[in-house]
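Colleague: Sequence:
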Amino acid sequence: MSFKYPEARRDETVKDSYFGIEINDPYRWLEDPDSKETQQFVEAQNSVTKPYIEGCAFKETIKNKITQLWNYPKFSTPYRHGSKYYQYRNTGLQNQSVIYVQEDLSSKAEIFLDPNTLSEDGTIALSGTAFSEDGKTFAYGLSTSGSDWLEIKFKNVETGEDYQEVLKKVKFSPMTWLHDNKGFFYGAYMDQTGKADGSETKSNENQKLYYHELGTDQSRDIVVVEFDDPQLRIGAHVSHCGKYLVITGTKGCKNNLLYFAQLNPGRISEKLKLTEVVTEFVADFEYITNNKNIFYFHTNKNASNYRIVTIDFDNPKESEWKDLISEHPKDVLDWAHAINENMLVVCYLQDVKNIMQLRDLKNGNKLHDFKLDVGTISSISGKKYHKEMFFSFCSFLTPNIIFKVNFDESGSIKETLFHETKVGDFESSKYETKQVFYKSKDGTEIPMFIINKKVGLVQDGTKPCLLYGYGGFNVNLTPSFGVSRLVFIENFDGIYALANIRGGGEYGDNWHNGGRFGKKQNCFDDFQYAAKHLVENKYTSVDKLIIQGGSNGGLLVAACINQAPELFGAAICQVGVLDMLRFHKFTIGYAWKSDYGCSEEQEQFEYLYKYSPLHNINVPKNNGQYPATLLLTADHDDRVVPLHSLKFIAELQNKIGKLSNQTNPLLIRIETRAGHGAGKPTSKI
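Counting from 1, one number per residue, gives the positions in the sequence shown under full-length UniProt numbering.
Hints listed in this document are in silico derivations from the structure and should not be mistaken for laboratory results.
In this text, a Cβ means the ideal position worked out from N, Cα and C, and glycines have one as well.
Please note that a few of the clues may not be correct.
[Claimed, not checked] Computed Cβ-Cβ distance ranges for the label pairs, DEER-style: (1) K538 - K202: 31 to 37 angstroms; (2) E536 - H328: 31 to 37 angstroms; (3) D114 - S379: 43 to 49 angstroms; (4) H328 - D104: 24 to 30 angstroms; (5) H386 - N64: 41 to 47 angstroms; (6) D197 - S326: 46 to 52 angstroms; (7) D104 - E415: 16 to 22 angstroms.
[Said to hold, decoys possible] Below, a list of computed lysine-lysine pairs in the BS3-like style, where the Cα atoms sit at most 27 angstroms apart: (8) K684 - K63; (9) K422 - K74; (10) K353 - K243; (11) K453 - K434; (12) K182 - K202; (13) K610 - K439; (14) K108 - K84; (15) K538 - K4; (16) K621 - K585; (17) K254 - K155; (18) K74 - K353; (19) K317 - K251; (20) K519 - K585; (21) K243 - K271; (22) K84 - K169; (23) K50 - K4; (24) K36 - K251; (25) K243 - K362; (26) K74 - K404; (27) K519 - K610.
Model the full structure from these sequences, guided by the hints.
Modeller: Here it is, written out as structure tokens:
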């Protein structure tokens with residue numbers, strides 16, 4: 001079928017010079033989201049895409065199947081604050097999950113906060129919450145239309161009434177309370193000018209940490225921490241003892257600075273005096289807990305698979321740090337959580353599957369192994385001084401199982417099943433999951449999960465296959481439950497494949513570094529070789545292989561269809577980073593330089609220019625064509641601004657869409673009142 005794509009004006013006068021190389025940017029005008037011309041371009045693209053998608057004879061049937069299977073009750077782990085228990089619940093198709101409160105686990109649950117009442121279409125979502133130490137006040141962030149911008153409000157737990165103040169211009173913010181239950185710390189960009197609703201592209205700079213006193217107006221808030229570097233994002237955590245504020249400074253998406261301030265009783269009226277612990281960006285440091293002046297941190301300093309160290313805040317020199325749990329030679333120490341005063345729950349990643357243990361906080365000795373199937377610990381709750389905790393487990397075929405763990409005085413540990421989610425008529429026994437390892441271009445073994453129906457898998461190349469990947473920012477893609485992919489497997493006799501390519505954190509820092517900076521091409525090679533493995537082993541054929549990825553995974557998909565269009569039948573590129581020469585100029589894009597590098601450095605420009613999707617769209621060889629391609633973006637995506645997708649589709653349709661042999665569609669769908677993905681209402685999903 002041939003497509004008549006919208007004609008986008010090319011301005012050939014817009015050029016940039018990089019180290020003697022002149023590069024045209026004819027669609028620079030699409031970087032202005034507020035211009036009438038950009039808005040007309042968006043409408044014109046949607047007017048091609050939406051009728052095409054609506055014209056699919058199976059669309060309503062697919063939607064009905066997904067809706068039917070999605071409509072099951074969902075529960076989070078319970079969280080205890082003060083004397084009460086809180087839990088997120090969703091009856092099935094509610095746009096946003098509702099917070100319920102119980103006096104104890106056997107009493108009737110009442111609605112505590114229902115975000116669905118805040119907007120008609122569910123586009124106002126909770127984003128970040130923090131109870132005061134006594135559990136009597138609830139701070140909660142609200143995001144509108146999927147933006148990263150928040151407003152923070154405060155609720156009186158006993159009366160259910162909100163306090164009058166609202167904290168604005170909040171973004172990428174910690175939320176942490178002083179133990180006097182009045183003082184609250186948060187991060188904001190109060191210097192931001194112009195609009196701040198998620199549809200702007202302006203860079204976010206000069207975040208400061210503020211102290212707010214409950215019951216007062218934001219105008220009275222005090223700047224307590226600020227740094228000279230305008231691109232630093234400030235993390236803050238009031239220590240479990242309440243006497244210290246742990247401060248982290250993060251510039252990119254890897255490695256942070258570490259400071260602390262001692263907190264004295266009473267109102268804070270001036271900047272805090274910070275003590276330096278780590279002053280160079282060399283590693284990650286994440287606060288776990290402390291006993292008086294001895295602090296426990298999860299770190300990759302001199303440990304690519306991470307370790308837990310103790311730092312004495314009375315003498316924080318690195319030479320005095322001690323290992324509590326040393327680095328494992330193969331498994332990645334993913335996170336740790338303090339419980340029952342003197343215990344640590346530690347979670348490892350072992351060949352992309354979670355294992356969980358209990359350790360002694362005093363010496364790191366192992367006390368208990370939790371028995372888990374192949375899957376993921378998706379959440380954990382419980383405070384350091386609690387004698388109980390909850391954790392939830394999921395996998396590709398297990399929606400959510402919540403376990404309760406009790407600790408008694410005798411030292412015994414009792415695990416009980418607290419809640420098991422049931423999903424309509426879904427029978428997990430009809431499907432199977434396996435993990436395979438395939439060789440990439442340079443011989444590296446890459447793990448990949450494959451999920452399919454148990455009965456009738458004949459590897460003859462006739463089945464459709466959906467291949468998903470990410471490969472960046474140290475992110476682990478572990479097993480998770482997803483309704484739409486099960487509908488695909490069940491109703492189309494499909495296969496779902498998840499490739500754990502380099503750039504992620506599945507095997508620690510070495511795996512991440514194997515897909516950073518000048519080694520980014522490894523990610524694309526790994527993904528293309530996953531496709532080759534699936535076709536060569538006759539799980540599928542090229543024309544039935546779909547690739548999908550979002551954000552950094554959108555970059556992955558776009559780079560792969562540019563480099564090897566002959567390997568794929570279809571491509572879904574969601575909210576992708578696609579202009580690698582200019583990404584750092586918009587909103588929070590500069591933070592990604594820690595993975596990608598930056599075009600303002602010559603060596604980094606050279607490798608970025610080689611793979612930047614916008615700059616590498618070429619006519620396929622041997623009279624071939626691009627796979628059927630769908631780009632997805634949204635007008636309030638202030639993480640990866642929509643200009644990436646708009647410029648890419650304009651260039652793709654101009655260069656490839658006009659070729660007589662390009663019969664596969666090249667389309668984009670631009671959603672309104674939506675963002676990068678977080679907080680998206682069920683109806684929009």
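Colleague: Does the hinted range 31 to 37 angstroms hold for E536 and H328 at CB?
Modeller: holds, 34 angstroms
Colleague: Does 46 to 52 angstroms hold as the CB distance between D197 and S326, or does it fail?
Modeller: Given range 46 to 52 angstroms: holds, Cβ gap about 48 angstroms.
Colleague: Is the hinted pair K453 and K434 satisfied, with a Cα-Cα distance of at most 27 angstroms?
Modeller: holds, 11 angstroms
Colleague: Quickly compare the C-alpha distance for K353 and K243 to 27 angstroms and report which way the hint goes.
Modeller: Answer violated: K353 to K243 is near 37 angstroms, above 27 angstroms.
Colleague: Is the straight-line distance between the alpha-carbon of K538 and that of K4 27 angstroms or less?
Modeller: This hinted pair is violated, its Cα atoms lying about 35 angstroms apart.
Colleague: Are K254 and K155 close enough, with their CA atoms no more than 27 angstroms apart?
Modeller: violated, 34 angstroms
Colleague: Mind checking the hinted window 43 to 49 angstroms against the Cβ distance between D114 and S379?
Modeller: violated, 21 angstroms
Colleague: Just to be careful, I want the Cα atoms of K84 and K169 compared with a cutoff of 27 angstroms; is the pair within it?
Modeller: Violated - the C-alpha atoms of K169 and K84 are around 31 angstroms apart, more than 27 angstroms.
Colleague: Starting from K74, check that the Cα of K404 is at most 27 angstroms away, please.
Modeller: holds, 17 angstroms
Colleague: Can the restraint linking K519 and K610 be considered satisfied, given a maximum Cα separation of 27 angstroms?
Modeller: Answer holds: K519 to K610 is near 12 angstroms, not above 27 angstroms.
Colleague: With a cut-off of 27 angstroms on the C-alpha distance, tell me whether K108 and K84 pass.
Modeller: holds, 12 angstroms
Colleague: Could you tell me whether the CB distance from H386 to N64 stays inside 41 to 47 angstroms?
Modeller: holds, 44 angstroms
Comparing the model with each numbered hint stated earlier shows that hints 1, 3, 4, 10, 12, 15, 16, 17, 22 and 24 do not hold.
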